[in-house]
Amino acid sequence: MDAHAAQLLGAGLAIGFGAIGAGIGIGNVSGKAVEGISRQPELKNDLQQVMILGIVFAETVAIYALVVAIILLFVVK
Amino acid sequence: MPGAVWAGIFPPIKTPPVNAEPVLSIGPVTITNSMLGSLVGLIVLGILIYLATRKLDRRPGKGQAFVELVVGGLYNFSKSSGGAVGGSLFPLFGALLVWLLVNNWIALIPGFGQVTVCCDKAGESFPLFRAMNADYNSTLALALMVFLLIHVFGVRSHGLKYFVEFVNIPALLKGRPIDFIVGLFHTIGEFAKIISLSFRLFANIYGGELLIAVVLGLAGPVAVVFYGLEFLVVAIVQSLIFGLLALIYIALVSEHAEHPGEHGEAGSHVATQKLIGGDAAQATASA
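Residue numbers (our numbering), protein chains in the order written: chain A, 62 to 138; chain B, 34 to 320.
Note that these hints are calculated values from the structure, not bench results. Keep in mind that the hints are not guaranteed to be accurate.
[Said to hold, decoys possible] In silico DSS-like pairs for lysine-lysine, Cα to Cα no more than 30 Å straight-line: (1) B:207 with B:194; (2) B:194 with A:105; (3) B:226 with B:194; (4) B:47 with A:93; (5) A:105 with B:112; (6) B:112 with B:194; (7) B:47 with A:138; (8) B:226 with A:93.
[Unchecked claim] Across the chosen pairs, the derived CB separations fall in these ranges: (9) B:128 with A:91: 27 to 33 Å; (10) B:181 with A:66: 40 to 46 Å; (11) A:78 with B:177: 27 to 33 Å; (12) B:113 with A:91: 19 to 25 Å; (13) B:48 with A:102: 42 to 48 Å; (14) B:184 with A:111: 25 to 31 Å; (15) A:85 with B:266: 19 to 25 Å; (16) A:93 with B:84: 39 to 45 Å; (17) B:177 with A:93: 32 to 38 Å; (18) B:77 with A:66: 43 to 49 Å; (19) B:90 with A:129: 52 to 58 Å.
[Stated by the list, open to error] If you want the ones that stay clear, here's a sample from chain B, every Cβ over 12 Å from chain A, calculated: (20) 61; (21) 80; (22) 90; (23) 148; (24) 178; (25) 195; (26) 213; (27) 250; (28) 274.
Idealized CB from N, CA, C, for every residue including glycine.
Throw the hints in and build the complete structure from the sequences for me.
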């Protein structure tokens, strides 16, 4: 396999595997937040804030994978 | 194939490069198009501020009422998420949020990237203005500033003993090397903060630019969806998260918590008494 093909394959795998973990993490956080809101509807705003924070942290890891994919595609010759 | 249909109507779009293209050099200083984009953001922000504070009145009109609503809402948010120092850190949080929000939004205005200038390394013309946060240098600069602020506030709250958390020499002298290694992990975590803060913002904004360029080249009008997503969700959430994380990191470092090992016992007694209630604590004390 020549270098260009390996580059493209690596980029695809990087973001693909990265997105799996992020999807699971975000789904978990949102599910727990929905459970919490359904238990105590008066805490909706607090739980929403904590949920947004949790989602951003989970999303960050997928963004690390995206940066690796971008570097593989556009920066490596 | 959709690409073949659109290729006649919409010509292929050149994807924006990862590095910002330099526009001109004044001596040793190179000015890139991202810097010019941030200059435009500065001018727009200045105009907005001037318009918002022109005729301040005790009985606000509609415009002033809206601005008061926004500023008051941000202040309450900052106080509720920042703990004890939330109120005093509101200028930092508000400034980061508004500055990043204005810069992220003006990059999406149609026509912002249309003013092109000759010529980059490949000899083609490139846009004169570009989103400030699409260049990693700018987000890294902001993240380094926040990093410095965190440690300055830490030293302000705890004195020079603040550095014991990272370079735990006293634990090493007392013969507990594991605490020293935990301190090393804390140090590595601090650098992870810089990287995560800068990369989150950069990758969201640059990735948005890239996505819109690629979708425009593939199937033109569908890019409107991504424009909308980028404008309404990504720009707002990412600037909010940057400001909020800066606020939370500084608030975490500024709280006057007891250091474990010094007042740990007294702290936990007070905490458990509050949690369980007086009777249970008295029962365990007498048992």
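If we take the beta carbon of residue 195 of chain B, is the closest beta carbon in chain A still more than 12 Å away? The claim stands: residue 195 of chain B keeps its Cβ more than 12 Å from every Cβ of chain A (closest is about 25 Å).
Least C-beta distance between residue 250 of chain B and chain A, which was stated to exceed 12 Å: holds, 15 Å
Pair hint residue 226 of chain B and residue 194 of chain B, alpha-carbon separation not exceeding 30 Å: The hint holds at about 21 Å.
Under the criterion that the straight-line Cα-Cα distance not exceed 30 Å, is the pair residue 47 of chain B, residue 93 of chain A satisfied? violated, 43 Å
Distance restraint between residue 105 of chain A and residue 112 of chain B, which requires alpha-carbon spacing of 30 Å or less: Satisfied, since the Cα-Cα distance of roughly 18 Å is no more than 30 Å.
So if I understand the rule, the pair passes when the alpha-carbon distance is 30 Å or less; does residue 47 of chain B with residue 138 of chain A pass? holds, 18 Å
Hey, is residue 178 of chain B genuinely clear of chain A, shortest beta carbon separation above 12 Å? holds, 19 Å
Consistency of beta-carbon spacing, residue 84 of chain B to residue 93 of chain A, with hint 39 to 45 Å: Holds - the Cβ-Cβ distance for residue 93 of chain A and residue 84 of chain B, about 43 Å, lies within 39 to 45 Å.
Sort out whether residue 194 of chain B lies within 30 Å of residue 112 of chain B, counting only the CA atoms. Holds: residue 112 of chain B and residue 194 of chain B sit about 27 Å apart, inside 30 Å.
Okay, residue 78 of chain A versus residue 177 of chain B on CB: inside 27 to 33 Å? holds, 30 Å
Is the gap between the beta carbons of residue 113 of chain B and residue 91 of chain A within 19 to 25 Å? holds, 21 Å
Range hint 19 to 25 Å: satisfied by the CB atoms of residue 85 of chain A and residue 266 of chain B? This hint holds: roughly 21 Å between Cβ atoms.
Hints 2, 4, 28 from the earlier list are contradicted by this structure; the remaining hints agree with it.
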